[in-house]
Amino acid sequence: MAKGIKDKVAILGMGCSKFGERWDASPEDLMVEAYLEAMTDAGIAPEQIDAAWFSTHMDDVGTGRGGTPMAIALRLPDIGVTRVENFCAGGSEAIRAAVYAVASGACDIALALGIEKLKDTGYGGLPVATVGTYIPQWYPNAVAPANFAQLASAYRRRHGVPADLLKRAIAHVSVKSHANGARNPKAHLRKEITEEQVLRAPIVAEPLGLFDCCGVSDGAAAVIVTRPDIARNLGKRDLVTFKALQVVASNGWEMQSNEWDGSYVHTARVAAQRAYAEAGIANPRTEISMTEVHDCFSITELVTMEDLGLSAPGRAVHDVLDGVFDAGGKVPCQIDGGLKCFGHPIGASGIRMLYEMYLQLLGRAGPRQLSAPRIGLTHNLGGQPSQNVCSVSIVGLEGA
Amino acid sequence: MIGIVKYGGYVPRLRLSRRAVAEANAWYAPHLVGRAKGSRSMANWDEDSLTMAVAAARDCLGPSEERGNIRSLFLASCTLPFAERLNAGVVCEALTLDQTVEALEFGGSQRAGLSALTQAVARVRAGGGDTLVLAADSRDSRAASTQELDFGDGAAALLLGDGDVVAEYLGSGTLTVDFIDHFRAAGEDVDYAWEERWVRDEGISKLVPKAVAAALAEAQVKAEAIDHFIFPSTFQKMDQQVAARCGVRPEAVVDSLQDRIGETGTGHALLVLAHVLESAKPGALILVAQFASGAQAVIFRVTEAIRSARPAKGVSHWLAHGTEETNYTKFLSFKGRLVLERGMRGEQDRKTALSTAYRHRSAILGLVAGRCTETGKVHFPPSRLSYEQGNPRKDTQVPHQLAERKATVLSWSAEYLSFHRSPPHCYGQIDFDGGGRILMEFTDVAKGDVESGTEVEMAFRIKDIDEVRHFTRYFWKAVPVRPAAASDRPAAE
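These protein sequence lines are chains Y and D, in that order.
Quick note: the first sequence, position 70, residue 1486 per our numbering, numbers continuous.
Quick note: the second sequence, position 52, residue 394 per our numbering, numbers continuous.
Accuracy of the hints is not assured; some may be wrong.
[Unchecked claim] Selected chain Y positions facing chain D (in silico; Cβ < 7 Å): (1) Gly1538; (2) Val1544; (3) Gln1553; (4) Trp1554; (5) Val1559; (6) Ala1562; (7) Ala1565; (8) Thr1610; (9) Gln1613; (10) Ala1617; (11) Ala1621; (12) Ala1665; (13) Ser1666; (14) Trp1669; (15) Gln1672; (16) Gly1678.
Simulated from the structure, these hints should not be mistaken for lab results.
Yeah, the Cβ is synthetic: ideal placement off N, Cα and C, and Gly gets one too.
Excised from the complex, chain Y in its bound form (with noise of 0.2 Å):
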């Protein structure tokens, strides 16, 4: 058995830019409002970075491929930089292939930037992908609303909760996350919304209306790690350092197979499991701090809950609408808004979510501070409930 990454590698600065409809800002520029914001936090020079991952999802808009497009952008000096595409999980992706190198002692300190330039295609919702020559021949040509939201017709039958009740639960979702969203000045959405506002929305994909849906975001976010040793020696204290950073990618078998029942993410349990096991968390519900999951869909967040052990299975309805994971509940989830409210630019948001444990750990969240929090968790999910990558981190104060 691996020994894991718990605290070997901690967080020498972080980043990230203004999330929202960018009109103003190129690639580039979002690349670089977070990166120096991340330099100016670990107090470096750029020629003490050993090595750069740099994650963007969609190659024809935007950003373009390959590790350049961060090398030129950021004048790096002459060091690797290497790009990571794991759907909307590849930020998260990046930060583990610093944190790895670091861990590894090939490097001392290492660069992980996300990346997402998704309004420049002249309408709304995610751009359409290509998917290569076979799929497109026998696959519906589907969107992310109508994937997740299948969530929501097994999930009913699975535990027998009527439509409305359903319907209700995954409001609260969203009302919770505008609400926290609107205290969050990098956010891209920041009003607050009503539950009769949520369900009375139009509906983009049964059940899911316009409100139970992500925002659709330009940005970027960065962090640069370190040994806490080497953290150390740069002055820095209060270390928020790594303590699980889990990976699990779908092998076909919740799509193929007739065994899945559609109700929860397969690939959320077993890398939950693993970084709780990694972390050396027992009861995640006390232990854990808040999370940032990967609230896609409002669906999403209210699975998710059960997926990271933090609700029963069938018992998340409940919980949701009990507050339990409002700003004042026992969990708090997506304090920064989340991907609903601080938006969703693809290959940054996994970082993104690590940005805001980061200064939650710190106490540096401004109007949204939670009380003392010791441990954080991100999940962040690639794909589709039936075929995904999904990564689960666990991050907190260094000897929490």
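Keeping the supplied structure of chain Y fixed, place chain D upon it in accordance with the hints.
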């Protein structure tokens, strides 16, 4: 004895209200209001002559995967989607017929269906084995034309052989004459027709009786002995007048279904024949005639075997399961006569990699999965490695057909985001009886038709249309199982 061994048909679910058409066009063509009775069948956006031919063939052949007896496939139509690329070859793949089947196409006139039928008889007689005859049309017409009201979409299928025939072939008569009641130049969409009175008096009334007389002579049957006289025509009472000229009893004239589904083109005579066979009594004499570039007539005698031979669903099922469509702009859009705003998502390139399509043609066109011989688990698409958590198997899969299996909806959604020709775009995961799961599109569904747990069956449909290169790609879709209505059951039983 040579004749029809099996029979079936297909009529699309949508039935366009003629009143809706006439009212929409009344400002421009008030004369059409008088013709606005009943409905016409209307192909869904994802149906064409080829998919309807497959549907009729499946209705005819039934759910058995053993189709090795079929040695030839004749496809008759004047509206096949491909001018080159054997449309009948696509049908063979969809039906998972053997590669050694000879597939041919018949076209050029509305009697191509009957021509295919007589050629199939000749093929069987020559020892060529069972021959599947398919006829289908999905014709185009101008808005505010009489054709728009008269035409319908549909298909028919007959399996000809010398085994347990349900209707024995007795004889036929054919006239080939260049009488141009209408024509359509190559590459054109719609027909150009001459005056009805001339066509009735000089064409149909003079040519059809000659072909009928020739058929009666060959069959050694007297005209008054005919029990079912089938003569499709969009002209009022034309069938009655032709029957009278031929000496056929007026009560033998079969309802051409014009009021309910319209005249479905090349396959219509055979579609009506398949409908008649559902309730025909042993010994009954059936005469099928068609007028087009001359005329043709074929005579059958129903046998005792009719009592046990039934199509999978039958024309009466399709007739009973229509859904009235009153949205005329939907019809125009489906027929390509109305260009709707699609949004930028509609700009997506639908280019098909033909090498990929060929490599996977069995999975795509035949819906053939791979079943692991060790675990019994079914994989779609088939793959070299089979999933089995912790113990994947290597090279254990054998072909496993899914098209004739029922399935159950596991999860679904209906969305309004992607470009779809008939929103909402509805798809979900379905689990097949006997194993196998596919995330698949639904078609022929209305709001409330699909829920987790709904039973579905497969339909071969258009997957995408590449409008840049004019290529249509096909795949299978899920349709909710609609139980047979009590009225579907044949009266003869």
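With a cut-off of 7 Å on the beta carbons, see whether Y:Val1559 makes it to chain D.
holds (5 Å)
Less than 7 Å between beta-carbons is the criterion; does Y:Gln1672 satisfy it with respect to chain D?
holds (5 Å)
For the hint on Y:Ala1565, just tell me whether its beta-carbon gets within less than 7 Å of chain D.
Cβ of Y:Ala1565 sits 4 Å from chain D, so the hint holds.
Hinted contact Y:Trp1669 with chain D - closest CB pair below 7 Å:
holds (5 Å)
Against chain D, is Y:Ala1621 within 7 Å by beta-carbon distance?
Holds - the Cβ of Y:Ala1621 comes within 7 Å of chain D, reaching about 4 Å at its closest.
With a cut-off of 7 Å on the beta carbons, see whether Y:Val1544 makes it to chain D.
holds (5 Å)
Restraint outcome when Y:Ser1666 is required to lie within 7 Å of chain D by C-beta distance:
violated (10 Å)
Would you settle whether the hint for Y:Gly1538 is holds or violated, based on the nearest Cβ-Cβ distance to chain D being less than 7 Å?
Since the shortest Cβ distance to chain D is 5 Å, the answer is holds.
Taking 7 Å as the limit, does the beta-carbon of Y:Trp1554 come near enough to a beta-carbon in chain D?
holds (5 Å)
Please check whether Y:Ala1665 passes as an interface residue: C-beta within 7 Å of a C-beta belonging to chain D.
Cβ of Y:Ala1665 sits 13 Å from chain D, so the hint is violated.
Residue hint Y:Thr1610, partner chain D, criterion CB-CB below 7 Å:
Since the shortest Cβ distance to chain D is 23 Å, the answer is violated.
Tell me if Y:Gln1553 is really an interface residue toward chain D, meaning its C-beta lies closer than 7 Å to one of theirs.
At 5 Å from the nearest chain D Cβ, Y:Gln1553 passes the 7 Å test, so the hint holds.
Consistency note: the structure conflicts with the earlier hints numbered 8, 9, 10, 12 and 13.
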